[in-house]
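> Here's the letter readout for the chains.
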Amino acid sequence: MKKSRLRFIAPIAVVTALALAGCSTSNLGGSSPADPAGDSGPIKIGAVLDVTGVGASLGVPEQNTLTMLAKQLNADGGIGGRDVELIILDDQSTEDGAAKATSKLIESEKVDIIIGASRTGPSLAMRPLAEAAKIPLISVAANVAIVADSQWVFKTTQNDVSVLETILNDAQKKGYTKLALVRDATGFGEGIADYITQLGADRGITLVTTESFEPSATDFTPQMTNVRGSDADAVIIWGINPSAGLAQKAYVQLGVNKPVYHSHGIANKAFFDTAGDAANGAIAAMGRLLVTDQLPADNPQRQVIEKFQADYSAAYGEQPSTFGGHAFDAWHIAVNAIDAVGTDPAALRDELEKAEFTGISGVFKMTAKNHSGLDASALILAEAQDGRWNLLKD
Amino acid sequence: MLTDFLQLTVAGLSQGSVYALLAVGLIAVYTVRHVINIAQGEFAMLAGLGSAWLTASGMPLFLAILVAILTVTLVAIAMERLIIARVKKLTPLISIILTLGVSTLLQAIMLLIWGPEAKGVPRFPGTNVLIGGVSIRSQEFWMIGALVVVGGGIVLFYEKSRWGKALRACAEQPVAARIVGISPVAASVLAFAIAGLVGAVAGVVSSPIYLSLWSGGVLLGLKGFVAAVLGGFVSFRAAIVGALMLGMIEAYVAGYVASGLRDGAAFLILILVLVVRPQGLVLKPTAVRV
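In order, the protein sequences belong to chains A and B.
For the first sequence, our numbering begins at 79 and goes up steadily by one.
For the second sequence, our numbering begins at 3 and goes up steadily by one.
Heads up, some of the hints might be wrong.
Below, in silico cross-link-like pairs of lysine to any residue (SDA-like), each with a Cα-Cα straight-line distance of 20 Å or less [to be verified]:
no., chain 1, residue 1, chain 2, residue 2
1, A, 336, B, 132
2, A, 178, A, 154
3, A, 336, B, 135
4, B, 162, B, 150
5, A, 336, B, 138
6, A, 347, B, 55
7, B, 162, B, 138
8, A, 336, B, 6
9, A, 347, B, 59
10, A, 212, A, 177
11, A, 336, A, 369
12, A, 336, B, 116
13, B, 90, B, 162
14, A, 347, B, 6
15, A, 347, B, 116
16, A, 347, B, 58
17, A, 347, B, 117
Since the hints were made in silico from the structure, they are not lab data.
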């Protein structure tokens, strides 16, 4: 009977593996019949977002924001009398999904400009396609590599380097000299250890240990055990929710008892939903959206942010997250540029390089050299306490 | 050093308890119906998301959990009655395709109802304890406790009770079992009910720490599958031991080697077992499959 058993289990294992590979297919993205590009008919804005998968806590508010803004714009008469058609595709938080969706937007939908993706990895997968097709792309992800030396790619999220500078300045002020890093294993966390080493050198800060986690990870005991055993003065957890929230929770539950910093990747409600009371005391570098009520009345961003918060909560019954803000900025920068020069790709690209916009994530000033438009002044530090963020400095 | 090792062991044992419950469900169904239930992991996610949703809408924690577990058990029975029982000639391959369909269907339903974001059940009552530098989260006691009570209860049920013996009879000698008056229909329903029950329990006890996600069942079910293979798909005890070992190996690999290799460890074990000991940990190579 040994043989029959062998024959039997092997195909099961194979089929199960195939099932695993093929199981994650779902598409919430809308689409519409292709329309030839031109100067008449609707202006087509494509978006590729992490609507499902590990980046969903980013992609969903981004999708909501873009949908809301497109409705508002069309209700107000569109751009120069032309309606705007928004086509959102779900990349399922994967690189290949993002590449496929981008090709579809460029080749069959013939969009005029693309927004996306939500995270660094998928954005990096989209970059060469946009560059080759010469279609402007505005990413809503963080890693500076997305726009480094790019011709056609821009982004609205604060640079990870600026975020690290903000965190390291605070660490230096508090006298921490040894840091541990627990980072996202995907593109978002790529290069962070090197940046800390470089930026830390001027500040007398060294990186003593680096741990990583997949964004789909659920157990963080191994990483936190290693951090607990290190001689670090403070820890940086660099990830997005829910994984970063789970990491924070494990961090507290395992009694690591070192001060902890987070990136701007966690600036949404999901952080509190996931980490609960364990969030208290965590310090994060982020934009100003979540601390608007604590800003000085004359802050230039305050009015923009409050209008966005009012519109978003009227439409969806909840407060917007930072990620909705990144999409808001990308949308307005795109629409302003189209409004100024139309849809000719080269003219649009040149206009984007001159874009100036007071938005949710900061006050943007794009240049030919800086396709991100923000510096460290776009960031603040805030401390988590009982489900809200308290502004530490501005 | 020892503290770290013990800390990883605790994490591995609690994670392994979840795999063990899923393996128990897989084996319960397989021994009676020779069905490999790909949807086993979805039972866990369905119960986790369901009870998270019920508690969020104001239901007391334990009532919500009870409702979720009962509902998922009924879903498993419905799956047996509406789908599995209707196939005249059920081969393992057809069973995989069918249950894969159910798995995809359940995922789609969860995505539509609860959206793409992960959700967690509130933490169960209890306090975290610190023993000699090793911190044990209260939820980890619940996870290990669930395996002891529910998993252990099912093993006892199979070995001691009349119904359990009837189920084993169906598995070992289906024709003889029918001759002596054991209903194959009832046996099959009972097996699926057990699968739904243990899957749901695994889902709710792990949800406070690991969260529940519409797409999270596939990987979880696969880990249960690896544990079931370690048990030769017949032995509950070997599968439970295998599941706990799998959980610990994953924790050690993540802690001492690299956290990215964690899931790889499970599949490496699967391949090694299939090549070296396809009959699982306990059976002699010549043993008759039951």
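> Are the hints correct? Go through all of them and say.
Against the structure, the hints:
For the suggested pair residue 336 of chain A and residue 132 of chain B, the alpha carbons sit about 17 Å apart, so the restraint of at most 20 Å is met. Of the supplied pair hints, the one linking residue 178 of chain A and residue 154 of chain A is violated, its CA atoms being roughly 33 Å apart against a limit of 20 Å. Taken as a hint, the residue 336 of chain A and residue 135 of chain B pair is honoured in the structure, with Cα atoms around 15 Å apart against an allowance of 20 Å. A hinted pair counts as satisfied when its Cα atoms are at most 20 Å apart, and residue 162 of chain B with residue 150 of chain B qualifies at roughly 16 Å.
At roughly 19 Å between alpha-carbon atoms, residue 336 of chain A and residue 138 of chain B fall within 20 Å of each other, so this suggested pair holds. The hinted pair formed by residue 347 of chain A and residue 55 of chain B meets the criterion: a straight-line CA distance of about 17 Å does not exceed 20 Å. Distance restraint check for residue 162 of chain B and residue 138 of chain B: the Cα-Cα separation of roughly 33 Å exceeds the 20 Å cut-off, and the hinted pair is therefore not satisfied. Taken as a hint, the residue 336 of chain A and residue 6 of chain B pair is honoured in the structure, with Cα atoms around 17 Å apart against an allowance of 20 Å.
Between residue 347 of chain A and residue 59 of chain B, the direct Cα distance comes to roughly 18 Å. Compliance with the 20 Å bound is thereby established for this hinted pair. Between the alpha carbons of residue 212 of chain A and residue 177 of chain A the distance comes to roughly 15 Å, so the proposed pair stays at or under 20 Å and holds. For the hint linking residue 336 of chain A to residue 369 of chain A, the alpha-carbon distance of about 25 Å lies beyond 20 Å, and the restraint is violated. The hinted pair formed by residue 336 of chain A and residue 116 of chain B fails the criterion: a straight-line CA distance of about 35 Å is larger than 20 Å.
A hinted pair counts as satisfied when its Cα atoms are at most 20 Å apart, and residue 90 of chain B with residue 162 of chain B does not qualify at roughly 32 Å. At most 20 Å may separate the alpha-carbon atoms for a hinted pair to count; residue 347 of chain A and residue 6 of chain B exceed this at roughly 32 Å. Using a Cα cut-off of 20 Å, the hinted pair residue 347 of chain A and residue 116 of chain B holds, with the two alpha carbons roughly 16 Å apart. Simply put, residue 347 of chain A and residue 58 of chain B have alpha-carbon atoms about 15 Å apart, close enough for the 20 Å limit, and the pair holds.
Between residue 347 of chain A and residue 117 of chain B, the direct Cα distance comes to roughly 15 Å. Compliance with the 20 Å bound is thereby established for this hinted pair.
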